[in-house]
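Trainee: So you can see what is in the structure, the chains are spelled out below.
There are 4 protein chains.
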Amino acid sequence: MADSSLISVEEIKKHNTIEDCWLVVNDEVWDLSEFAPDHPGGGEIIYKHAGRDASLSYNGIHAQSVLSSNLDSSKLIGALDKRSVTDEWSKPPPSATPELKLHDKPPLETIMNSQDFEDVAQRTVTKKTWAFYSSADTDCLTRDRNREFFGRMWFRPRLLRDVKRVDTSTTILGHAAGAPFFVSPAAMAKLVHPDGERAMARGCVPNRIPQGISSNASFPIEEIVSAVPKDKNHPFFFQLYVNKDRSKSEALLKHVRALGVDVCFATIDAPQAGKREADERVKADEGVAAPMSGAKASNDKKGGGMGRLMGGYIDPSFVWADMTWLRRHWPGKIVVKGVQSWQDAKMSADLGIHVLLSNHGGRNLDTSPPAIMTLLECQMNCPEIFSQIEVLVDGGIRRGSDILKCLCLGATAVGLGRPFLYATNYGQEGVEHLVEILKSELETAMALVGVTSIDQCQPGLV
Amino acid sequence: MADSSLISVEEIKKHNTIEDCWLVVNDEVWDLSEFAPDHPGGGEIIYKHAGRDASLSYNGIHAQSVLSSNLDSSKLIGALDKRSVTDEWSKPPPSATPELKLHDKPPLETIMNSQDFEDVAQRTVTKKTWAFYSSADTDCLTRDRNREFFGRMWFRPRLLRDVKRVDTSTTILGHAAGAPFFVSPAAMAKLVHPDGERAMARGCVPNRIPQGISSNASFPIEEIVSAVPKDKNHPFFFQLYVNKDRSKSEALLKHVRALGVDVCFATIDAPQAGKREADERVKADEGVAAPMSGAKASNDKKGGGMGRLMGGYIDPSFVWADMTWLRRHWPGKIVVKGVQSWQDAKMSADLGIHVLLSNHGGRNLDTSPPAIMTLLECQMNCPEIFSQIEVLVDGGIRRGSDILKCLCLGATAVGLGRPFLYATNYGQEGVEHLVEILKSELETAMALVGVTSIDQCQPGLV
Amino acid sequence: MADSSLISVEEIKKHNTIEDCWLVVNDEVWDLSEFAPDHPGGGEIIYKHAGRDASLSYNGIHAQSVLSSNLDSSKLIGALDKRSVTDEWSKPPPSATPELKLHDKPPLETIMNSQDFEDVAQRTVTKKTWAFYSSADTDCLTRDRNREFFGRMWFRPRLLRDVKRVDTSTTILGHAAGAPFFVSPAAMAKLVHPDGERAMARGCVPNRIPQGISSNASFPIEEIVSAVPKDKNHPFFFQLYVNKDRSKSEALLKHVRALGVDVCFATIDAPQAGKREADERVKADEGVAAPMSGAKASNDKKGGGMGRLMGGYIDPSFVWADMTWLRRHWPGKIVVKGVQSWQDAKMSADLGIHVLLSNHGGRNLDTSPPAIMTLLECQMNCPEIFSQIEVLVDGGIRRGSDILKCLCLGATAVGLGRPFLYATNYGQEGVEHLVEILKSELETAMALVGVTSIDQCQPGLV
Amino acid sequence: MADSSLISVEEIKKHNTIEDCWLVVNDEVWDLSEFAPDHPGGGEIIYKHAGRDASLSYNGIHAQSVLSSNLDSSKLIGALDKRSVTDEWSKPPPSATPELKLHDKPPLETIMNSQDFEDVAQRTVTKKTWAFYSSADTDCLTRDRNREFFGRMWFRPRLLRDVKRVDTSTTILGHAAGAPFFVSPAAMAKLVHPDGERAMARGCVPNRIPQGISSNASFPIEEIVSAVPKDKNHPFFFQLYVNKDRSKSEALLKHVRALGVDVCFATIDAPQAGKREADERVKADEGVAAPMSGAKASNDKKGGGMGRLMGGYIDPSFVWADMTWLRRHWPGKIVVKGVQSWQDAKMSADLGIHVLLSNHGGRNLDTSPPAIMTLLECQMNCPEIFSQIEVLVDGGIRRGSDILKCLCLGATAVGLGRPFLYATNYGQEGVEHLVEILKSELETAMALVGVTSIDQCQPGLV
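Residue numbers (UniProt numbering), protein chains in the order written: chain A, 1 to 462; chain B, 1 to 462; chain C, 1 to 462; chain D, 1 to 462.
No copy is singled out in the list; a pair is fine if it fits within one copy or between any two copies.
Within a straight-line C-alpha distance of at most 16 Å, the following computed EDC-like cross-link-like pairs (lysine to aspartate or glutamate) qualify:
#1 K82 with E10
#2 K301 with E436
#3 K164 with D315
#4 K296 with D285
Simulated from the structure, these hints should not be mistaken for laboratory data.
Quick caveat, the model's predicted, so the values are computed rather than measured.
Chain A extracted, bound-state conformation (with noise of 0.2 Å):
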């Protein structure tokens, strides 16, 4: 090599980030960017010493032909210039150093789909909010067939139609939304970001994405309404557990009701918590606490339970014949959240309201049936159902193909609740990315079926 390529440490300093990444190994000089996310051993131990000498960390465990045997030659920027070497950069690395932490994000442009935002979630949220979020009833057998599910059904694809311009656009619940899905309400967005459900509340408005608000939610909700302008009449959700004190519920219903929300989610699927023991397993922080429901997050001795824990005040006695009470108290729409069998979403046709068939992404009974089952079984039992109400769907949905399928088999519109709490982890911008994200995949799984407008899926193309 000649002396002419000497490189200097000087310049060696400036590659020490992700995205720009030198190491120094034996003297010659690397650049490891591209190769750092493949490195066998993990990303982070190359990060440590970007911009730095790295043959202590490199001699202890490979040999020395490693490097120059794995990458394109071109990856050797040259060789070190010994005479620029200072005291202060031959030292070890610090244990961290802020912009380069084991726990750091990759940036928001480089998440393609869903299950990135989740696997960003589980390496970079606390133990704690993971277990929170991620656990479900005791096998998670449910959890993981709500997802399954989707593969298993195959589209009858209809070609040859004009396609150019796919729109989808809907009515969901008597709000014009920008694309038949919505924020299912899940508890506690701020465990992910400071900002929790009024960032998700931003980063809905852009393509109008209805956003419900549960119970349970970090934030009261008038702080959650009121992170969107007025001006936009952004549409939100209410869900609602219903309290043992009956009296509670009815002045939180005048509070939402007073500001403007319309749409009241009675939750049904949660008289009794399920047994979620990932996150019984995990201590919880007792300053945790959800200021509309009074819930707070504690510990005893089954365990750290924040879903069985924070649950306590919901009435295990609330019944069918419940609903005329509810009806005196919200004069809005009503959708039952948690139908799991074609009787019940019938009875509630015959009643007259809206159901969302949703197993609490599987959190509270294991082996009860995916949503998508349950659409199928009512197709079959009662069809005239999708006639009379409106039917939601929620659960292990992540693509828009997967919304395309319930649609296809009647649904209005479905729910995604963990999407959005991982999308959350990047604020705003991450919500509206996952917003992009689906309906894009939605738009190309229309197009490809053969249909460009919503009102066009039917059974047959699956």
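Guided by the hints, dock chains B, C and D onto chain A, whose structure is given.
Mentor: Same frame as chain A, now just chains B, C and D:
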């Protein structure tokens, strides 16, 4: 690091337990209590050095920076005060300290489900005990499918029912029980705990869980029955292997009856023992014996299979006609244990004899059908039997939801065998804990499918 | 070891290739040619030291005895003659010697099936080429099921037929062919070999395998067609993406027709490109372009997906009615490529247009149905079409037995896309080799189900 | 440790076998006999040091405390008496000691099932032998499904029958047999044992298991038949590949007949050899030959596939009409081997010729149907054939329960091929042991489904 934060050896030595575990690595003091269970190399090597200097072991495996890059800086307690180091403290740790052994059981309160009990047993009981308990016939297909089949059945929950009060109590074979499950008779509980079946009995009392007692129990039945105060009137079921020498069985029945036991399980699925290869491969301790049946563990040229070698006295000529004989010698209730086809279940019902659908935990004939499958075949081919006799079920039941599925399909109650053996690893407290877990899981499942008492269970829910 | 068996460095240096690979380890000379491919640590590290002293690397990893205890003693050639050692020879091996590179292709004669070609391609082509060729829409479920579905179909062989002479020749779309398969048109073969589609063409000649040429081929069609001597009269099929600017398509069709090509595949399953995430994640080389369509590789904020970015000119408004337009500009045979439902197949048959059942290798819509499934649905719902038009099939075909199954179910011939791309990695010889493999596998399968010519295939055999 | 417990090298050296294996590690003497098979790094490295000082190897891998923390203290025999150490003893162990070789077979009495035999064979036979025996056509789907399909069939046991005496004896093709199974003819048993088919014959005698002899056996048939004393009247079946030169087949049949053999299996599923890629990839030893057929192992440009290269003489023109020819030259019983569809089975029954449902162990046509599937199709489509001819079955049978399932579905007897080859690895004793295992498993399975003789088997039990 300021001098004021130096930590003395006196202080460090105090943090020498699994719950509170400090280590010194290269003169830094770290709190590894939380990290240790996640250590890729296992927690034991960390616990071994609790309260000590682990530098030597550490440096042999890890680069200096591994600790600081993987742990939150809050776990770094401070720097070692080198002046406080003593010769005694610097020695390598003894090879095994009583409180930190590799095979130590985790605290009972961290056990969340029956699988946890099983995992602990696998790690902590002797090789032979594990082989004897866990093994099954040849390729273990039936044993494994027993469990899997429950995961493939879906509920059809009915919600918006008042489930404030869920009551699991029921009557099994004439005995009031706190929950619709019982201890399936299994042999030789002493292998896992010195109090064996006696500890089990005591653990069953608080919730009135009937205990089935095997002919091959580790204790004579009178010692098991007397482990519970007489005034508790605790329900016991006696499991009989009919002896080739009928007079011995007659004497035994008379003896059992005299103790006040009025239910007899006549085991019919073991005219020949299955081939439990894992059991055969481990030499048996020839001192082990079952006092009631007189069976003794031994070894022969086929191996050390306790199941096979202790079953030599069982009469393979026991036939349906012999039920007359049994009735003559047993005025109480009779249950044939090990029915595996709907035809046999119907034959038993015609004779007015109760059945326990069971494949002996998959231990006798591989690819014999899971009991839940036989139960379904009964529902399809001879539903009338459910009003004629009690149909019990065992095999693969591990969750409250599994229990509920059996009840919905017509079973009066279900038995659990291995889970109770593994819980007995913790003695009476372990058994109580398991009962609480199962009962609590059952209550949750009942509430979430919308039933509040055992008699509301019906096939439409599955 | 006798002095007479000392081996000189001069001798050792000769054995420095993959096929003939000696190494010196601690003064013993070993022949590792046979062992190297099985080396748990990979063969490369061994090849790197071929003909050299590997002691240093070896001792860093293995105990002295590993070699002698794992290898037959016949592999120990003898002891190193230390007097022959030179300074030059003792140096560590260069980081990459031309004949032993990590990414070297194994000799063509060791390639036994299409999977071998794929495995080699994965190791030896550029990251971008692999990503572009192998990727498919979103979760790649359709791509993978395409293959799996063939493994789930069983033959019903009829034996004791005279199968001395098995003849695979047939007629495809009016052209005599040596076997009932063709190259499915796939884009950009130059990425894998400088001669790209031209090498493919030459490799197809010996067995008269028709070649489908993509609109996005790396060469202008005239250069591909002219790669084969005119007097061979080799069959080529032209695959058209209809351009938003129809006049461009018209000019292209005219040009193609003038070259003597008389079959046009009109692709209908790509009105919008699928989301091939693996392709998007790798930056495209912006120098790459398709001369016929004018499409160019590029990168945008969504990523570097060549499939998406090169498909921008495709007209999503192309509909059934446009078949009239196509017929006007193409007097030859027309095949609609990408039919995915029996309804569309029937519609095409009604118009007298041939079909290629295809899901574009799973690249456009995930969970679109495997073509073999659509073929079965055609047999069930509209069997009459098989006598009206030719039904071709592609997707997931890798074995001669796969081809036979399609023929039995009514297909005239089948296409293979990726396998031909991966074979082109070896140029013309690779393509010839693949054709021979497939034809030979097909002959064997035909003989073993008891048919000797293509027209004897019938549904009862599957 | 008291001086009295010091162990001398003289003593230690005695414990140098697999069964009794002591090692010295850092001056402590450990008994590792029991632990060695569970050693994560394999038992061989431990056996290599049996009776020796293993400190050097040990310390290179493990921390000092690993032994003491993983093993019961009872395994610590004592401390090394250092005064007894000799120079000879201190040397590193030789690379391979006869009694402790890597490829040593475990004692026969530790073999519990046919899978154990297979596992040992995989480790101990030559690469080529393993490739030839274990390989199957292309992707080996049929070979693997052959086994799996048995695991998916459930018994419907009928209990409380008198099963004191279970009798497995039966008549196969006119010959009394001790159990309803026979050796399926397989080629070249000498590859696995010098006595090859002769050892097999002797191992079959005690239980009167008929032996099928392949045309490609390693010995001339007269040498195999004569391995058993004439007065045993042992049943042999001759398997014929019809030669392209019929006169050769005629001569061979005459010769075989003269030896008193009266059953001929005419193989019909090998008009062309399958593509056994594992076999092709390993070079054949060209010295290997089959004396009866004259077939010789060789290598060509396709590879070293013994199956393919030795099958060149087989006549692919052999057809149903030729049965007349065969009958003329074979007055004894005729079985067509390799029937794979119920139609062919029926055709054979119409001709009064017995059938062996077989797919040649999956070796010839991948995705040809498992014989148990063809057997089921016969039960459904042509049940009458079971009273007209004997229906035999082979392929994937490894357990007594597999045998029983075939019998229940109408088979007279079943054949096992590979299991007998793998058992021959242990010579005559191995074959006897395998027969005992299978017979014992069958007896157990019969008792547990409630039958005591072969003629009681019926479809309702499966």
